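Visitor: Let's have the full structure, built from the sequences with the hints guiding it.
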Amino acid sequence: MRERRSVPDEDHPGSTSRSMGVGRLPWSRALLLLAVAGPPLWLGGVKPWVVPAFVLVVAGLLVRRCLRSDSPLRVPALWWLGLLAAGLTFIQWMPLPPALLRALAPGLSSTVAEILDGTGLGPWNRLSVHPGQTGLEFARLLALTGLFVAAAQLSWRLVAAYVSLAGTLVALVGLSQKLIGAEAIYGVYVPRQELFGLGQALGSPLLTSFVNPNHQSGLLLVGVFAAASVGVDLHARSREARGRQASERLADRAYLAAGAIAIQTTALVLSMSRGALASLVIVAPLALALGLRQPKTAGNEPSHGRRRRVGLAVIVLGMLGLAASQGAWDQLSTLRDPASFADKFRVAREGLALIPSSPVLGTGRGTFVDLFPLVDRRPGAILFTHLESTPIAFLVEWGPVPGGVVVLGLCWWWWRSFRANEGLARRLGLCGLLALGIHSCVDFSLDFLGVSAAAVALAGALGVSAKGRTWSHRRVLIATLVAMVVGLAVALTSIPGSWSQRRPRDRAVLDGQLAVEPALRQTPLDAFLHLAAAREAAERGDWDETLDRAEVAARLRPANLDAHLLAATAAAELGSPLASIEHIKRGLETMREPVSEELVDWLIAGVPAPEQLATIAPDSSEAWTPLARAIARRSPAHARALASARARTHPEDPEPLRIQAQLALDADNPGLALHHARLLVQLQPNEEAAHRLRANARFKHQTRAQTEAAVAELEQARLNSRIKDPAVIDELLILGLLRLADEASLSRAEELIDGLLARRAKPAERRRRRALAERVRNARGESDP
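Under our numbering, the residues of the sequence shown are numbered 30 to 814, in order.
Among the clues, some could well be false.
Here are the simulated distance ranges between beta carbons [unchecked claim]:
#1 Glu651 <-> Glu611: 17 to 25 angstroms
#2 Asp695 <-> Leu748: 48 to 56 angstroms
#3 Ala313 <-> Val404: 22 to 30 angstroms
#4 Glu379 <-> His704: 19 to 27 angstroms
#5 Ala213 <-> Gly541: 50 to 58 angstroms
#6 Leu112 <-> Val404: 28 to 36 angstroms
#7 Asp682 <-> His730: 48 to 56 angstroms
#8 Val404 <-> Trp109: 31 to 39 angstroms
#9 Arg322 <-> Arg721: 54 to 62 angstroms
#10 Ala213 <-> Asp695: 38 to 46 angstroms
Calculated cross-link-like contacts (lysine to aspartate or glutamate; reagent style DMTMM-like; alpha-carbon spacing at most 25 angstroms) [what the hints assert, rightly or not]:
#11 Lys729 <-> Glu717
#12 Lys753 <-> Glu742
#13 Lys729 <-> Glu742
#14 Lys791 <-> Glu779
#15 Lys791 <-> Glu717
#16 Lys753 <-> Asp771
#17 Lys76 <-> Glu277
#18 Lys614 <-> Asp577
Source of the hints: derived by calculation from the structure; they are not laboratory data.
None of these values were measured; they are calculated from a predicted model.
Every residue gets a Cβ at the ideal spot worked out from N, C-alpha and C, and that includes glycine.
Guide: Pasting the structure below:
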């Protein structure tokens with residue numbers, strides 16, 4: 030199949046567009062650059078106002094092409110996939126007849142009806158339970174389809190260069206913020222998602238213009254391979270150029286492209302995205318194999334070419350070495366742990382359970398945040414706003430058949446385009462899209478314009494054309510204007526109900542500035558709104574309504590402890606103490622760190638008899654442990670009763686023994702502490718914390734016999750190669766030897782302290798060990814005559 034030819038006035042420097050003025054950027058190029066680089070630099074395109082602005086930019090790009098030339102437009106292969114996705118999303122957004130809605134989504138419609146029963150809102154008439162977000166998604170998909178068509182009319186070199194430029198700008202923003210120590214994007218915006226160290230601490234992901242490091246990694250993946258395609262093409266053209274000046278100019282541009290590769294690769298490694306790094310490791314050998322198979326371009330090598338390559342290689346290796354030293358490879362090494370895969374794919378696997386509730390056209394784009402808690406088997410404090418696997422998200426949110434068509438269509442499009450593009454440069458660009466596709470299997474970065482705009486533009490430029498088909502410019506112009514009006518209308522009306530507007534809206538509801546009912550009409554499955562309705566009913570003394578709304582809120586957010594406690598209060602007011610206790614237990618089962626002091630005080634005040642606390646304690650270890658530790662800090666008596674009951678019912682759980690041993694130590698009861706600590710060591714012989722408790726319990730006796738026993742036990746523990754941190758055992762052993770203070774003990778302490786100081790340690794640990802070494806030296810000095 031023949032590759033498409035480039036559009037002359039958008040490709041060559043000698044075209045009419047460039048002859049209009051020196052340094053003047055043609056409108057088409059300006060709009061393309063704005064469409065590709067604008068969303069990434071605008072917080073990665075996560076804000077809702079990016080969508081209508083993007084619709085206007087893409088419409089302007091298509092209108093410019095239609096008005097500039099009367100020649101027909103090329104038809105890119107499988108362009109209709111974008112229109113299909115947009116059409117499906119529009120149906121999910123629009124109101125539907127009740128009978129049709131029940132036929133398309135029987136389970137989902139019945140669930141929504143059950144939840145809204147008693148609210149006075151009437152029947153829900155949309156497939157999407159979050160129409161604001163779904164409407165924005167429709168406008169975004171419609172605009173991306175237009176960008177795909179527009180990029181097909183432009184030079185692939187131009188598009189690839191702009192995609193590379195977008196990734197380089199994002200990388201430079203991140204590296205600049207890293208250099209100056211910025212802890213906010215552009216110095217003003219702090220991401221809502223918590224980022225360890227905000228890009229400054231060792232091992233923290235690079236803070237760029239994106240609010241999520243995984244998303245920026247998707248753009249950088251595409252940008253790296255786009256820069257590689259541009260660089261390879263420029264290098265080949267520099268060898269083919271006839272004049273020396275033209276050859277040198279093209280060679281200089283090729284080295285600039287290589288610099289863009291270095292900058293983006295450094296930022297990619299610093300982004301600490303395991304999925305992106307794994308994708309790069311998978312696709313890079315394919316790109317290297319393509320380069321080795323490519324025959325060498327005939328022509329002369331530009332002057333100083335070898336020297337430039339060596340210098341560039343040194344810079345690249347230095348930047349990658351610096352990036353790797355920040356902890357990126359430690360992140361990648363965690364992929365060897367099977368548990369990391371289980372945790373990553375748990376949400377995607379359990380999210381598939383939503384398909385039966387709406388098997389025809391899916392649950393609706395952007396609705397996962399409200400629907401997943403209904404099928405989540407391990408609810409916790411983390412709120413999953415998206416399904417972290419784009420292919421599975423397509424199947425769930427568009428339905429298995431339409432979503433499967435989109436997924437298979439994209440795979441077939443890539444394979445067809447790869448076979449049609451025989452040149453190395455263009456195939457490298459397609460490798461970038463392959464890497465992004467692999468990364469998207471474990472991420473949802475394509476849901477945002479900061480990544481999808483660049484990827485779609487590059488796909489449109491590199492993809493093959495439909496055989497023997499063209500579009501008249503008049504037809505495209507009319508379709509563009511109609512799509513722009515529809516897309517803007519849907520996007521602008523959807524923004525108030527979008528996900529980004531939930532927090533200010535919920536605050537307004539909490540402050541009494543907005544009624545609950547209008548907000549529920551926007552998001553009927555919002556647990557916060559049902560909880561707010563329950564609180565309003567409780568203030569009125571309507572405990573039946575309070576119980577209904579609180580139970581709905583707890584169903585929609587199982588980890589929302591306030592909903593469970595309010596339901597428990599309502600049940601108690603209605604004369605159902607057993608139901609009240611059950612609601613409290615359900616709420617405590619979702620407890621995780623940190624546990625609020627108010628909750629602990631409420632439990633202690635509500636259950637004054639410590640022995641009764643075990644009746645409402647959670648059963649799972651993940652919930653029981655943080656709760657018991659928090660109670661131990663406030664009421665040792667309650668914690669002791671809680672741990673004692675837990676030890677009887679769960680003898681395999683080490684935490685009750687640990688808590689009882691520590692409580693006994695705090696109560697100056699070393700005998701009881703030693704009893705529990707010895708049982709704990711038998712249960713966890715490879716845990717240094719258990720050995721520490723046993724040693725401290727013996728030290729607490731303050732007798733030489735107990736100290737000698739502790740030293741002997743610690744010497745035996747040193748022989749256990751399965752101890753996770755042997756340095757802890759060595760420190761305890763040295764402390765015991767210092768207590769004995771005889772000649773043999775001090776000699777043994779000196780022997781141990783040398784090895785302890787040689788171990789790698791964090792600054793605080795190193796200072797503690799140096800202080801311990803000073804104690805050993807002082808003790809030796811006092812013992813010498």
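Visitor: Assess, step by step, whether the Cα of Lys753 is no farther than 25 angstroms from the Cα of Asp771, and give holds or violated.
Guide: Outside the cut-off at roughly 30 angstroms; violated.
Visitor: Okay, Arg322 versus Arg721 on CB: inside 54 to 62 angstroms?
Guide: With Cβ atoms ~60 angstroms apart, the hint holds.
Visitor: Is the hinted pair Lys753 and Glu742 satisfied, with a Cα-Cα distance of at most 25 angstroms?
Guide: holds (17 angstroms)
Visitor: Does Glu717 sit within 25 angstroms of Lys729, going by the straight-line distance between their CA atoms?
Guide: It holds: about 18 angstroms lies between the C-alpha atoms, which stays within 25 angstroms.
Visitor: Given the hint of 17 to 25 angstroms, is the C-beta distance from Glu651 to Glu611 inside that range or not?
Guide: With Cβ atoms ~19 angstroms apart, the hint holds.
Visitor: Keeping to a limit of 25 angstroms between CA atoms, is the pair of Lys76 and Glu277 held or broken?
Guide: violated (43 angstroms)
Visitor: Quick one: are Leu112 and Val404 within 28 to 36 angstroms, going by C-beta?
Guide: Check passed, 31 angstroms falls within 28 to 36 angstroms.
Visitor: Regarding the pair Lys791 and Glu779, is the alpha-carbon distance no greater than 25 angstroms?
Guide: holds (22 angstroms)
Visitor: Within 31 to 39 angstroms or not, the Cβ separation of Val404 and Trp109?
Guide: holds (32 angstroms)
Visitor: Is Lys614 within 25 angstroms of Asp577, Cα to Cα?
Guide: Given that 25 angstroms is the threshold and the Cα spacing comes to 18 angstroms, the pair holds.
Visitor: Between Asp682 and His730, does the C-beta distance stay in 48 to 56 angstroms?
Guide: With a Cβ separation near 27 angstroms, Asp682 and His730 fall outside 48 to 56 angstroms, so the hint is violated.
Visitor: Please check whether Glu379 and His704 have a Cβ separation lying inside 19 to 27 angstroms.
Guide: The hint (19 to 27 angstroms, Cβ to Cβ) is violated, given that Glu379 and His704 are roughly 43 angstroms apart.
In summary, the numbered hints that this structure violates are 2, 3, 4, 5, 7, 16, 17.
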